[in-house]
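Start from the sequences and build out the full structure, keeping to the hints where you can.
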Amino acid sequence: MATDFTLPELGENIAAGDVLRVLVKAGDVLAKDQPVLELETDKATIEVPSSVAGQVREIKVKAGDKVKVGQAILSVESGGGAAAPAAPPAAAKVEEPAPAPSQAAEPPPAAPAAPAEVARPFHPSTSAREGLSAVEGQGRERATESPAPQDREKVVDISRGVRSTAAEPESSGPAAPAAPSVRRMARELGVDINEVVGTGDDGRISIDDVKAHAKRLVMIAKAGATAVGPQAGAHAAAEPLPDFGKWGAIERQPMRGIRRKTAEHLGAVWATVPLVTQYDVADISGFEEIRKRHAKQADESGAPLTVTALAIKIIAAALRKFPQFNVSLDMAAEEIVVKKYVHIGVAVDTDRGLLVPVIRDADKKSLLDVSSEVAELAARARSRKLTLDEMQGATFSISNLGGIGGTNFTPLVNAPEVAILRISRARMEQVFRDGQFVARLMLPLALSYDHRAVDGADGARFLRWVAEVFEQPFLLSLEG
Amino acid sequence: MISTQVVVVGGGPGGYAAAFLAADLGLKTAIVDPEANPGGVCVYRGCIPSKALLHVADLLGEARQAQAWGVSFGEPKIDLGKLRAFKDAVVKRLTSGTGLLAKSRKVQYVQGLGELVDANTLRVKLVSGGEETVQFEHAIIATGSVPVAPPTLRLPGNGDPRVMDSTTALDLPDVPKSLLVVGGGYIGLELGSVYAALGSAVTVVEMTDGLLPGADRDLVDVLAKRLKQTMKAVLLKTRVTQLKPEAAGIRVTFDGEQVGKEVEQEQLFDRVLVAVGRRPNASVPGLDRTRVRLDERGFIVVNEQMRTDEPSIFAIGDVVGEPMLAHKASHEGRVAAEVIAGEKSAFAPRAIPAVVFTDPEIAWAGLTEAQAQKAGRPVTIAKFPWAASGRALTLDRVDGLTKLVVDPSTERVLGVGLVGPNAGELIAEGVLAIEMGANVTDMKLSIHPHPTLSETLMESAEVFFGQATHVYKPKRS
Chain W
42 MATDFTLPEL GENIAAGDVL RVLVKAGDVL AKDQPVLELE TDKATIEVPS
92 SVAGQVREIK VKAGDKVKVG QAILSVESGG GAAAPAAPPA AAKVEEPAPA
142 PSQAAEPPPA APAAPAEVAR PFHPSTSARE GLSAVEGQGR ERATESPAPQ
192 DREKVVDISR GVRSTAAEPE SSGPAAPAAP SVRRMARELG VDINEVVGTG
242 DDGRISIDDV KAHAKRLVMI AKAGATAVGP QAGAHAAAEP LPDFGKWGAI
292 ERQPMRGIRR KTAEHLGAVW ATVPLVTQYD VADISGFEEI RKRHAKQADE
342 SGAPLTVTAL AIKIIAAALR KFPQFNVSLD MAAEEIVVKK YVHIGVAVDT
392 DRGLLVPVIR DADKKSLLDV SSEVAELAAR ARSRKLTLDE MQGATFSISN
442 LGGIGGTNFT PLVNAPEVAI LRISRARMEQ VFRDGQFVAR LMLPLALSYD
492 HRAVDGADGA RFLRWVAEVF EQPFLLSLEG
Chain S
744 MISTQVVVVG GGPGGYAAAF LAADLGLKTA IVDPEANPGG VCVYRGCIPS
794 KALLHVADLL GEARQAQAWG VSFGEPKIDL GKLRAFKDAV VKRLTSGTGL
844 LAKSRKVQYV QGLGELVDAN TLRVKLVSGG EETVQFEHAI IATGSVPVAP
894 PTLRLPGNGD PRVMDSTTAL DLPDVPKSLL VVGGGYIGLE LGSVYAALGS
944 AVTVVEMTDG LLPGADRDLV DVLAKRLKQT MKAVLLKTRV TQLKPEAAGI
994 RVTFDGEQVG KEVEQEQLFD RVLVAVGRRP NASVPGLDRT RVRLDERGFI
1044 VVNEQMRTDE PSIFAIGDVV GEPMLAHKAS HEGRVAAEVI AGEKSAFAPR
1094 AIPAVVFTDP EIAWAGLTEA QAQKAGRPVT IAKFPWAASG RALTLDRVDG
1144 LTKLVVDPST ERVLGVGLVG PNAGELIAEG VLAIEMGANV TDMKLSIHPH
1194 PTLSETLMES AEVFFGQATH VYKPKRS
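Chains as they are written, first to last, in this note's numbering: chain W, 42 to 521; chain S, 744 to 1220.
Calculated from the structure, these hints are not laboratory results.
It should be emphasised that the depicted structure is a prediction, and the values quoted were computed from it without experimental measurement.
One should not assume that every hint holds.
Some chain W residues judged to face chain S by a derived CB distance under 10 angstroms, without partners named [to be verified]:
#1 81
#2 224
#3 225
#4 336
C-beta: ideal position from N, C-alpha, C; glycine also.
So this is what it looks like as structure tokens:
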């Protein structure tokens, strides 16, 4: 049966109003409390909610009409079909404008879920009106777009109402919640503001967030450029480890100080330094003769003449001759730090791991002085008496594993130094010289260097010069 | 010959903002413009003089309304000469100020019209006679826009002084008994309002089915309603097909659905104001000698750094695209100056406010409800009627409306719309909210002064949550 909905009491002294808009149409399924009219009274513009539910059978007023309290506005068919009673709760629950008309001409939807607009989460109180204005909007748009007199095509009728004031009418997602100052900072740092994760309320992005993001980008770029990031190199933690215990007994030991430090440092060096190694051999038969001849004398002085000590003196001279090996790189400042001093680090194997004490001003010390200092530092290293100070400031390092054996290995530079000399064990070899094979004591040498600082030809020249001086140590005194 | 790092062609609000910032950033800068001082159309023949006249129009309107409050002034006597002098004094004071600012910044002002010889040379025909060559590293084209008149609204020869454009209408030649305004955009409505307040019977004719395309209809409706009282008639969906000057006035022929029924096909008007639109003024001679490119509508094509396809040439303001608004031009001008100075700047606003200075004013910023619908973007609208504002009641102006366009998922404020007295001043808060990424809660929790119209912004935010103090409209669950 049909029920009339009449204009209810709206408030004190409001007896009537002008209908601005009718928010429903015949055929709509009306829920209780759903706004049906926008009414302008002399006090305020108000939405009039329905006190009845059901399918709208007839609308008895139209926009522009004056309606009085008690006057019939529309009639609904209530308790008729099964759909009608079911509709109101559904519409209310979903908070959706169930009866929003998608097109004015469309036949009334049988159930509230029909029109496409329903999917949009419009505010319930305005939703019905949005549907109506959408229809209007289409009409308006057509009118605006229709090319009137041909001359108008070039006319931008901006003065007739400014268009497209929003910078983002087309984009569907909301723009990043960042203030103009923050967006400017992002632009200056080359950061896409939409990729920055905001740490403020509701994900708001601060200048600090942008800076942190930029920093992360730089780190990632660095890692990408060297294939393995310093972090990954140090900890190798990126890949999950298998359960080693499956294959036999294991024991987990904590990484002690030196080991951890070494791991981090060498990992970073491996990741950042483009390393090149060159090899050579030096005939040290002559040096060996001298060494044997003076062995007793040297022993008495407490400073055995060693290959390491000689190597330190030769390298100290070489660094004076080839100063480009006595540098560090400051990539951030885009500068090369040229050192005016020569401090040589010597790798020492200890039961706690690798330590590198430093012979200061090696170029200004005699071979015997260097020999005794190496012996003393090595002893202190093994007895854990080295101070931190004694292990800092080297400009070049030497690693001699000849005492242990082996033929060759590739050393890693001790960054920020840019080069390192490696010595392996000398051995007697057949050498073809002056038309015949002779037995000579040959010392395998390897020079690793940071290719960013040193060119290959310079590396070859440096190492050849070192080998020649090993062969004729008296050159040292000439080179000074 | 002048040798400069930056030359700005056109001294409007975009051009002089660009030049002043370029100078502040340490660049040697020159402005080329035919006027005596920087200011352009906006200051000489647009925004500023029209606002001076609209202020007077508002005063006349309020004086009339005051009768209802028990205050009568009698019929106003209007001394047009004095009114013109007031308007001209405003313009003079402002432009001499910009001239002084240019001087203090050592910006060289070259009064004349420029022609591009190549991508680094401008030849200027000086207003004082003779020519000057300007060698520049970078140029900023800021030549703005000009009013257009469709062929049907053009009169042969030099036309008829009774058919005006916005420039001649601002000269206030007289107060015609009857005036036809062709075009229901903001220029037509603003100037029409001035003449209506001064006593003309004003008819507005608009081709489309609504005034102020681009603005949300609920805002425009409020204005339209008031215009019904102040204007003689507003004819929508109606076109002017002919203008014929006669001794007694301009005979106008209309075409449209209502014509012949409610609207007479031919009507006689004392004056006609043609305000149907503006077009970009990209007709800088010699532009074709550069790589600068125009789009199909005549705008100079630029990127977000305001660069054209010619590396040494930038362009800003009305000549590069919509919206054609002074404040957009100024912002673009400052971006261009920063980019030339080597900064990584870009034109990337979230909201460009638009204001129509009618009575009531209409203002909006960011996403409009209509744009959201067109884009299929879900939004929630929260509205606060000014009838519930104490301040609006004290002004006896309860027809206003404040609305927020809100993103339903983040509750961010995407757009703000206002209609009512001072809407143009109130919109600035909306712009800041949108740019800062404020959400509705931010607006709700910011204490607004009482009793002011600005409270309507706060209360709209409260409406969003169904908790507005002065509106009972609970959120349905």
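These are the hints, each one checked on the structure:
| no. | hint | verdict |
| --- | --- | --- |
| 1 | 81 | 9 angstroms, holds |
| 2 | 224 | 7 angstroms, holds |
| 3 | 225 | 7 angstroms, holds |
| 4 | 336 | 70 angstroms, violated |
Checked against the numbered hints above, the structure breaks only hint 4 and satisfies the rest.
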